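Please model the entire structure based on the sequences and the hints provided.
Single-letter residue listing:
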Amino acid sequence: MEPFNIYLCGVGGQGIGLLSEILLRGADHAGLQAKAVDTHGLAQRGGTVVSHLRLGDTVHSPMVPGRKADLVVALERHEAMRGADTALKDNGCLVYFNTVLQPLGVRLGIDKEVSENLLNKSCKARGITVYKVENEKLDDPRMQNIAILANINKNSLVPFVKKHHLILAMEDLMTGVMLEKNLMIFSIY
Amino acid sequence: MKDMGEMLLRKSAFKEIVMGNTALVRAMVESGTRVVTSYPGSPTPEIATAIQSIPQNKRPFYFEFSTNEKVATEVAFGAALNGHLSTVFFKSVGLNVAADTFVQLSLLNIIGGMVVVLGDDPGANSSQNEQDNRHFAYLSYTPVLEPANPAEVYKYYKEAAKLSRKLGKVIILRLTTHVCHAKEKVSFAEWHQQKAENTPKFNSKNGPYIPLVSSIYPMKEKALQQLGEMETWAEQRKLHTCVNNNNRLGIITSGLVYLSLLEVLEDVSDKPDILKLAMVYPVPKRVIIKFLKSHDEVKVLEELDDELERSIKAIAYDQQVTTRITGKSDIYDWIGEYTPDKVRQVLRKTWPDLIAVGEAISQPADNIPARPPQLCPGCGHRSAFHAIGEVLAEEDICVADIGCHTLGYQEPYNLGEILLCMGASTGIGSGLSLFNTQRKVVAFMGDSTFFHAGLPSIINALFNKHNLTLILMENGTTAMTGHQDHPASGKNFNEISEAIPVRQLLEGLGIKSIFEADTYNQAELRTQVRQAINEDCFNVVIAKHPCMLLFAKKQRKDKGSNPYHVRIDQEKCKNIEVCIQKFGCPSFERNNDGTISVNDELCVGDGSCIQTCPAKAINR
Numbered sequence: 001m002e003p004f005n006i007y008l009c010g011v012g013g014q015g016i017g018l019l020s021e022i023l024l025r026g027a028d029h030a031g032l033q034a035k036a037v038d039t040h041g042l043a044q045r046g047g048t049v050v051s052h053l054r055l056g057d058t059v060h061s062p063m064v065p066g067r068k069a070d071l072v073v074a075l076e077r078h079e080a081m082r083g084a085d086t087a088l089k090d091n092g093c094l095v096y097f098n099t100v101l102q103p104l105g106v107r108l109g110i111d112k113e114v115s116e117n118l119l120n121k122s123c124k125a126r127g128i129t130v131y132k133v134e135n136e137k138l139d140d141p142r143m144q145n146i147a148i149l150a151n152i153n154k155n156s157l158v159p160f161v162k163k164h165h166l167i168l169a170m171e172d173l174m175t176g177v178m179l180e181k182n183l184m185i186f187s188i189y
Numbered sequence: 001m002k003d004m005g006e007m008l009l010r011k012s013a014f015k016e017i018v019m020g021n022t023a024l025v026r027a028m029v030e031s032g033t034r035v036v037t038s039y040p041g042s043p044t045p046e047i048a049t050a051i052q053s054i055p056q057n058k059r060p061f062y063f064e065f066s067t068n069e070k071v072a073t074e075v076a077f078g079a080a081l082n083g084h085l086s087t088v089f090f091k092s093v094g095l096n097v098a099a100d101t102f103v104q105l106s107l108l109n110i111i112g113g114m115v116v117v118l119g120d121d122p123g124a125n126s127s128q129n130e131q132d133n134r135h136f137a138y139l140s141y142t143p144v145l146e147p148a149n150p151a152e153v154y155k156y157y158k159e160a161a162k163l164s165r166k167l168g169k170v171i172i173l174r175l176t177t178h179v180c181h182a183k184e185k186v187s188f189a190e191w192h193q194q195k196a197e198n199t200p201k202f203n204s205k206n207g208p209y210i211p212l213v214s215s216i217y218p219m220k221e222k223a224l225q226q227l228g229e230m231e232t233w234a235e236q237r238k239l240h241t242c243v244n245n246n247n248r249l250g251i252i253t254s255g256l257v258y259l260s261l262l263e264v265l266e267d268v269s270d271k272p273d274i275l276k277l278a279m280v281y282p283v284p285k286r287v288i289i290k291f292l293k294s295h296d297e298v299k300v301l302e303e304l305d306d307e308l309e310r311s312i313k314a315i316a317y318d319q320q321v322t323t324r325i326t327g328k329s330d331i332y333d334w335i336g337e338y339t340p341d342k343v344r345q346v347l348r349k350t351w352p353d354l355i356a357v358g359e360a361i362s363q364p365a366d367n368i369p370a371r372p373p374q375l376c377p378g379c380g381h382r383s384a385f386h387a388i389g390e391v392l393a394e395e396d397i398c399v400a401d402i403g404c405h406t407l408g409y410q411e412p413y414n415l416g417e418i419l420l421c422m423g424a425s426t427g428i429g430s431g432l433s434l435f436n437t438q439r440k441v442v443a444f445m446g447d448s449t450f451f452h453a454g455l456p457s458i459i460n461a462l463f464n465k466h467n468l469t470l471i472l473m474e475n476g477t478t479a480m481t482g483h484q485d486h487p488a489s490g491k492n493f494n495e496i497s498e499a500i501p502v503r504q505l506l507e508g509l510g511i512k513s514i515f516e517a518d519t520y521n522q523a524e525l526r527t528q529v530r531q532a533i534n535e536d537c538f539n540v541v542i543a544k545h546p547c548m549l550l551f552a553k554k555q556r557k558d559k560g561s562n563p564y565h566v567r568i569d570q571e572k573c574k575n576i577e578v579c580i581q582k583f584g585c586p587s588f589e590r591n592n593d594g595t596i597s598v599n600d601e602l603c604v605g606d607g608s609c610i611q612t613c614p615a616k617a618i619n620r
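Protein sequence lines correspond, in order, to chains X and B.
If you read the first sequence in our numbering, its first letter stands for residue 1, the second for the next number, and so on.
If you read the second sequence in our numbering, its first letter stands for residue 1, the second for the next number, and so on.
You may find that some hints are simply not true.
To be verified - A few chain X residues that face chain B, going by a derived Cβ cut-off under 10 Å, partial list only:
hint, residue
1, 25
2, 38
3, 40
4, 44
5, 53
6, 64
7, 86
8, 117
9, 120
10, 127
11, 128
12, 132
13, 167
14, 168
15, 173
16, 175
Claimed, not checked - Covered stretches of chain X, going by a simulated chain B footprint (3 or more residues, C-beta under 8 Å):
hint, segment
17, 56 to 62
18, 70 to 82
It is worth saying that the hints were derived from the structure and are not from the lab.
Computed from a predicted structure; not experimentally measured.
Note that beta-carbon positions come from the ideal geometry of N, C-alpha and C, so glycine has one too.
This is the structure in structure tokens:
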């Protein structure tokens, strides 16, 4: 298959590592060759964190080249904007969780918060399809990553990777109550 | 995988998706490594995470986090002198700390074998520089293997271990950040567990082990001779690979840069040939000459500095090879990680007609606010910085050190204006205090750093009677690298150990003036710091509070969520904005209507902010 590049981004502490690992293992269960790499270290303290995931037989580097992502998955609105700007190709696809964790400059009153309107406008200008996921049914913000995963599945945003592949991946990574809770969120979204 | 520990000890061959750091641990297990040591530092701490997944009673080797990289290297070396295959791993700049010990190793007959695993950090993702540690190989005559991906991490470690044991020679396995953290499916071999041999085999006859006077030249001679043997070995094991596209253009590269290169060449029809070196020091002369002679033009594509380029040009000169050799085009080729985008830029400078312009944008949009890393909600350092900032005068000088508290240099605290490396703050502060009666000098230091490299400069400040205040930010853990225990934690990697009490240690050194406060008690901390900086001597303020990230994680695990959140009483709020402008906890948010509220996703309910509100509008 042609390489399919996924660029995941969010804020340190949001659980981007687990989401990326589920997609990576899901792709493996679907029989695809997959490579990935995550941010570790300093940025995990409330900075921008990213994870690269690349599928296909002709993929070499684990890192998605600039603006070559077919899909950007963002766990926060500012990071959705940043991820789309730096990583997503024109006419690509953005799925994001519509929550806001204000960056330092916004809190200090120096920078302006990225609004939904601004995000939609800049995506529209580049032909990007946007999927917005919202918070209604979630009481635990740490489950936002799974709500996103459910949305990716529902809209078949990753080629060849089906629901049962993702469930197998979740079973690879979790057990007990954590697995049950995540599977439940995955099925209701 | 659910059970990483089980996987790492599996007897049968298997395939699994792993990170480079995890693949390394399986290689250690299969190689019969007996002693592993480290000091935590990105990009390597996940090696210890993988080790920890193996229950201690099943772990086929001993592991410790030592107090610093130098000690860790010495422990691994000592164990290897008794015949145990050993490994020490640490981050790039860790080698600077270990250097005094490390540079001697290649002179010595290390009978058990010893592999030094380096986590270099091109791109300075989590380091104070992006130093190229291949220089240390040239300095110390130590061979270097450079894997490109997790599969090669596994393969090269096993090769390094085998050869190191055979020749009794130390070998470097040089990883870089995105080799450590890359994930892919790796095929692992069977594991045939050997019976552990515990007899201490140290024998001075295997030496000499005293590099003094007449023994130094023969030791150096042997080290240099062994480099030749290493070069031959890497050829015999067919570790270097050549991609033949029948082109008159060639590229010599190594490590992860090779994968970036393949990525860039995907859309090039007339692909140059590639020589990928596995061992980059000693530079394999025969392999290089053969490659040069069969090409008209060769580009040396190497990340960071120009070691390969200089060596290859020297080889070509000596052999009178007339192939055109190009390396770095300008200073920008020396800077930053060689990602696919960077490699494209670098290659385009040499071959603009061959390599197309990439998609990457050069300037990110300017309407997206930057998101620098932050102190966590509830962090004791924030409470400390908020209080200390109120005591210090504008012109006073603050020196930072390595750790989470380094982040105090940012807005809104601006505390800690100079940073060098682990444990340097007190020494720098001492220098800043000379001829200086006008501006107070304050140095910050974390508790793990205190044990790592902080003590000598503290003793120096006492010994030479420097006039400054050291603020010891004691949070009980090595927080930035993932909460590893340190000598004052009360346990080591393996078991409970007597906590070394920081205060008594300072008292024992003879420091007469020691202050102490919980950083959540800002009034008390202010009083203590004010008193300390007004004294005319070297003194220490212990600013204590346990790491809240660790605490909040435990709390969420035990109770499912953080039981408390703070609230802003909008009736009482007078929009003074101390909470968001000065205290700066990320939990405070600015709303469109001008009010400030609390983001429950972030607030851990610690309440350290409550005391900062002049209007008393924050409550829990």
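Next on the checklist: Tell me the hint numbers this structure goes against, listed in increasing order.
Outcome noted: 8, 9, 10, 11, 12, 13, 14
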